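Enquirer: Spelled out from the first residue to the last, the chains are:
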Amino acid sequence: MQDSHIVRALALSLVLGAAHPALAQAPYPAKPIRFLVGFPPGGTNDIVARAVAPRFSEYLGQPVVIENRGGANASIATDLAAHAAPDGYTILLVAPGHATNPALLKLNFDSVSDFAFVTLLAESQNLLVVHPSLPVQSVKALIALSKKRPGDINYGSSGTGTTVHLSAELFQYMTGVKWVHIPYKGGGPGVIALMAGEVSLYFGNVPTVIRHARAGKVRAIATTGLKHTPAAPEIPTVAESGVPGYEVTTAYGMAAPAKTSRAILDRLHADAVRALNAPDTRERLQNLGADPVGNTPEQYTAFMKNEIAKWGKVIRAAGIKGE
Amino acid sequence: MDILNNLVFGFGVAFSLENLAYCFAGVALGTLIGVLPGVGPLVTIAMLFPITFHLPAVPAIIMLAGIFYGAQYGGSTTSILVNLPGETASAVTCIDGYQMARRGRAGPALATAALASFFAGCVGTLLIALAGPTLGEWALRFGAAEYTSLMLMALVASAVMTQGDAVKGLAMVVLGLLIGVVGVDVNSGMARYSFGIPELIDGIGFTVVAVGLFAVAEIVVNLESREAREVYTGRVTGLMPTARDLKDAAWPTVRGTAVGACFGVLPGTGPALSSFATYMLEKKLAKDPSRFGQGAIEGVAAPEAANNAAAQTAFIPMLTLGIPASATMAVMLAALTLQGIATGPQVMFDKPDLFWGLIASMWIGNFLLVILNLPLVGVWVRLLTVPYRWLFPSIILFSSIGNYSVSNNPFDVYLCAVIGVLGYVLVKLECEPAPLLLGYVLGPLLEENLRRALLIARGDPTVFFTRPISLAFMIATVLILVVMVVPAARGKRHGA
Amino acid sequence: MKPDLWNNRDFLAGLLFIVLGGLAVALARDYPIGSTMRMGPGYFPMVLGGILFLFGVYVLLRGVRSGDKVKGEWGYRPLALIALSIVLFGFLLDRVGMVPAIVVALFVAAAAGREFRLKEVLLLAVVMTAFSVAVFSYGLKLPYPLLGGY
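Here the protein sequences come in this chain order: A, B and C. Going by this note's numbering, the first residue of the first sequence is number 1, and it counts up by one from there. Going by this note's numbering, the first residue of the second sequence is number 1, and it counts up by one from there. Going by this note's numbering, the first residue of the third sequence is number 1, and it counts up by one from there.
Since the hints were derived computationally from the structure, they do not count as laboratory data. Note that the structure is predicted; figures quoted are calculated from it, not measured. For glycine and all other residues, C-beta sits at the position ideal for the given N, C-alpha and C. No false leads were mixed into what you were given.
To spell it out: a stretch of chain B is covered by chain A in this simulated footprint if at least three of its residues, at any positions, have a beta carbon under 8 Å from a beta carbon of chain A; those stretches are:
{"no.": "1", "segment": "180 to 189"}
{"no.": "2", "segment": "192 to 203"}
{"no.": "3", "segment": "407 to 415"}
{"no.": "4", "segment": "452 to 461"}
Chain C side only, calculated, beta carbon under 10 Å to chain B, not exhaustive:
{"no.": "5", "residue": "Thr36"}
{"no.": "6", "residue": "Ala80"}
{"no.": "7", "residue": "Leu84"}
Taking the hints into account, I'd like the entire structure generated from these sequences.
Expert: Have a look at this one:
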């Protein structure tokens, strides 16, 4: 599979170079750009890409076309991007799973060295909520109660390996408490299970669960990121509630194949950041519960390396197996 | 009553001339694309929703609602005309609908499907308005144990579904269950039967199975003999259902609506299961069950009503819990988000005009669908008179495009060819495809919930009997078993 | 009377179920099985595979006893050509573009029919290509390359 991709890319570049000398000389970008998204339309990854794409296209001067290639937790799209021609016409929406897939799946690419990370587009965090039947109001109380009932409290997730699941795994890893994982197929069933009391706690995504917290159906305990969520600034983070250093940030970023030239990468970065600063892009992202970021390639690369290492440790410690 | 007011308000929002035009455009577009074999509602909506980006919020939603209905009906149309289900729920419509088409009764089949769906849609909309929150709360009482016993009951009842050979029918259900196993196991996160192929990690998609099993197999069967075989009889006996047809279809429509409404409220089950369930029910209740599978109009009316009712009541979990009822709903909500409208539970409370406008638009879409399609029935029937040698390559082509467009991946296309070969062999050996599809839908649900129920109960199996709703289903399962076994023990099973 | 097993409908069906069921069981053994009350990922598939296997044995034996034949002929040629048409479409779309893929797929599929009238197939190819390009590429703005691969 890998070889044929390389051969194809080489052949393509040869053909393009030979048959279209005009194209080889034309200023970048001279044709539409493929924006690979590893999930089907309608999912959060897809919406993030579509939120950014309009302004991004405008500033780049060429259409940025979303191409959904779902499958295997975005690793199919990621594989395509890793092996695509590094001519700046293929970019990837880096999904949150990019940091966890190396420890869960057998991949045909290197999650760090096969990519040139452009910028972190947006990030979101999860909100730890508990069912009213659990008599805790704070992280400290939760830890105390959990230590008294090891292996007794059920927590839900939107699936093995998702940030919802791994938020809980990291918590257990750092505090030593033992909960029982009940996975569900996606966020919808997971939240329903929490509301029904089938599970007692859940690290849900903010827009979905905050409503139920406000309605009193569930109790919000803490957020998983480093900053308070604008949707509910009174809620403390887990890190400041007794688990210092705890951080789970769901990150959506942009990357290009590794050998893309510096000039093209700079151009992509500049226009992406401009797009992120546009008010309509910001509004669309915030509706998702995601905060626009737009950091430098160096910062983003360092962040990804760190995430991959961190989650590798947590996943191995928890004994989670993918394939 | 508050909700009734909201509904009226929603209609007010939706009923402007401009919005009606958008809805109509959506219905037309959705139908045209959905009619293409292999391109089912989900794929259609995924393809079409970018069109709505350039529209303001309210017309966008209304157009999406139109597209949704058009695409669903388009899926039913291909089920009836060319034996190709657009989505799981329409698979059941294939069984009798296609047979009706072959006998020159495509017109009545299509018209009945539209009318039955419309009836169900009206009832469904009313239900949301009047009983939404109550039903929503009720759905919350369904935990893993309840789902398990419900699935078990459905599985046992599925023996009723088989047209001919009971044992082979059950074997097909089991085979379907196995195909459904391919992919990531929810409870452990392990990928099963994926052979290291990334595309199989998410399982084998419905479109791939449906096209391979139904369309490809059917086409090859039609081509296999050296002498020409008339696929569709030249004698078309009328475009509209007769009075007799309507009478026959009436009660099944009502029953189908009832079954669909119940299933629709349960997240995760919905249209597919309800259409299978009502088909089995109708077959059991019919005076002459042997007609089913030969073109019985009840076999079209009931499932169509059921899947539409379920699609409507699936809004209720959305209303009470803010969770999209299905993948198609998720795409619609995504379109809203991109319009700048916050999605999630907020939409229901902060922007009721949008939500209720959506519900009203769904009804309008449903209505416009009937208006658009009843006259079109003549066109569809005319289509069947096209020489088969032009028809079948087109079906194959569009099915391949549809398969590819699900994930933009050629692998899905290759897999379809493989399943097509398997499907042909199975059909040739007189193993029916419909039970396989049932197993394919049921399997993952049954296993997931069974293991989850045991996990939560820490390995205690009495949980299925101590929880009241679950106990009720278990008792029903035993009763069904008894009812099925006793006549068989007494004598040979009659034909059906 | 020597029974012709390879034309025996239920014998073949049973055989197919036995093979598929057996394969399912064999592959499932690689996954943790667990116990009945705490099922692992391998439990369900193994049980299903076993049931399918048993059904297969029953059907096979029943077939041998009844001797019912497979009705009609096996359409090897149409089957192969239709399957080939589908595979070629998938293979060509990414590599040489939608237009060639459609044309090739149509030609191969049409060849599976009983008659192959070149002029008609050409016309069909032109019409279908035009329609598909109009609807999918222009109408729906799907990012499929028309000519030439990615």
